[in-house]
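Participant: Sequence:
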Amino acid sequence: MNYNEQVRMFKHLIPIGPKSISELVEMLEAKADIKEIAPNELPGYARQTAIYNASHCILNEDLQVKPDNMLLLAFQIIQNEKSSYYYSDDIMGDDFIYVVFEKHTEYMWSNSQKLFLELELARGVSQHEFDTEGILFRSLVAHLASDYCLKNGIEF
1 MNYNEQVRMF
11 KHLIPIGPKS
21 ISELVEMLEA
31 KADIKEIAPN
41 ELPGYARQTA
51 IYNASHCILN
61 EDLQVKPDNM
71 LLLAFQIIQN
81 EKSSYYYSDD
91 IMGDDFIYVV
101 FEKHTEYMWS
111 NSQKLFLELE
121 LARGVSQHEF
131 DTEGILFRSL
141 VAHLASDYCL
151 KNGIEF
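Following our numbering, the numbering of the sequence shown begins with 1 at its first residue and continues without gaps.
To be clear, the hints were calculated from the coordinates, so they are not data collected in a lab.
Please note that the accuracy of each hint is not assured.
[Claimed, not checked] Capping the alpha-carbon separation at 25 angstroms, the derived lysine-lysine pairs in DSS-like fashion look like this:
1. K151 with K66
2. K11 with K82
3. K103 with K19
4. K114 with K82
5. K114 with K66
6. K114 with K19
[As the list claims (entries may be wrong)] Simulated DEER-style distance windows between Cβ atoms:
7. N40 with E133: 35 to 43 angstroms
8. I37 with A122: 15 to 23 angstroms
9. Y45 with I16: 28 to 36 angstroms
10. I154 with S20: 30 to 38 angstroms
11. D68 with E41: 14 to 22 angstroms
12. N40 with I154: 37 to 45 angstroms
13. T132 with M1: 26 to 34 angstroms
14. K11 with I58: 15 to 23 angstroms
15. S84 with H56: 18 to 26 angstroms
All of these numbers come straight from a predicted model, not from anything done at the bench.
Don't be surprised by glycine CBs; every beta carbon is placed ideally from N, CA and C.
Build the full structure now, drawing on both the sequences and the hints.
Facilitator: Spelled out as structure tokens, the structure:
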């Protein structure tokens, strides 16, 4: 599926935003029972990956927040009937699903692909990103296309 096909199929799904971390946390609370956890309760690799990715993400290009100055906000998704849809996902061998936000850059990550994609889509992109099909827009379209291909057995 080429880029033009991706845009044709998925652009109309992308909301103009972007939503704040607090709005995304509210959405998360509606989807699943969550518990805020200290960042040091995350598996070591997850915390290190979140900090590394947040420091190198597009959202940090202008800010240049150093890893030592990053503020992580982490949530555990409680495993129950409400969250069973996400726990049916491959959660990278972890015992629980988590979502991590970095407060300065607003970087976001989850070990559940389903949950990450839902949050990424809900966050949306700015009007400028949407109009110019900027890098954040392109990234979201690519993630939506990848998910679509996986669900439909289409080679990507």
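Participant: All hints, please: hold or fail.
Facilitator: Now the hints, each set against the structure:
Of the pairs offered as hints, the one joining K151 and K66 is violated, with about 37 angstroms between alpha carbons and a cut-off of 25 angstroms exceeded. In summary, the hint linking K11 to K82 is not supported, as the alpha carbons are separated by about 29 angstroms, beyond the 25 angstroms threshold. A distance of roughly 13 angstroms separates the Cα atoms of K103 and K19; the hinted pair therefore holds under the 25 angstroms criterion. At most 25 angstroms may separate the alpha-carbon atoms for a hinted pair to count; K114 and K82 meet this at roughly 14 angstroms.
A C-alpha spacing of about 29 angstroms is found between K114 and K66, which places the hinted pair above 25 angstroms, so the restraint is violated. Restraint check: the Cα-Cα separation between K114 and K19 comes to about 18 angstroms, which is no more than 25 angstroms; the hinted pair holds. As the Cβ distance of N40 to E133 is approximately 39 angstroms, the hint placing it in 35 to 43 angstroms holds. In this structure the hint that I37 and A122 lie 15 to 23 angstroms apart at CB holds, the actual value being about 21 angstroms.
Checked against the given bound of 28 to 36 angstroms, the beta carbons of Y45 and I16, roughly 35 angstroms apart, stay inside it. At about 34 angstroms, the CB distance of I154 to S20 agrees with the hint of 30 to 38 angstroms. Taking 14 to 22 angstroms as the suggested C-beta distance range, the pair D68 and E41 conforms, at roughly 20 angstroms. Here the CB-CB span from N40 to I154 is close to 40 angstroms, well matched to the stated 37 to 45 angstroms.
Look at T132 against M1: about 21 angstroms separates their beta carbons, and that is not inside 26 to 34 angstroms. For the pair K11 and I58, the beta carbons lie near 19 angstroms from each other, so the given range of 15 to 23 angstroms is met. Range check, S84 to H56: about 34 angstroms between beta-carbon atoms, so the 18 to 26 angstroms window is missed.
Hint check: violations occur at hints 1, 2, 5, 13 and 15; the rest are consistent with the structure.
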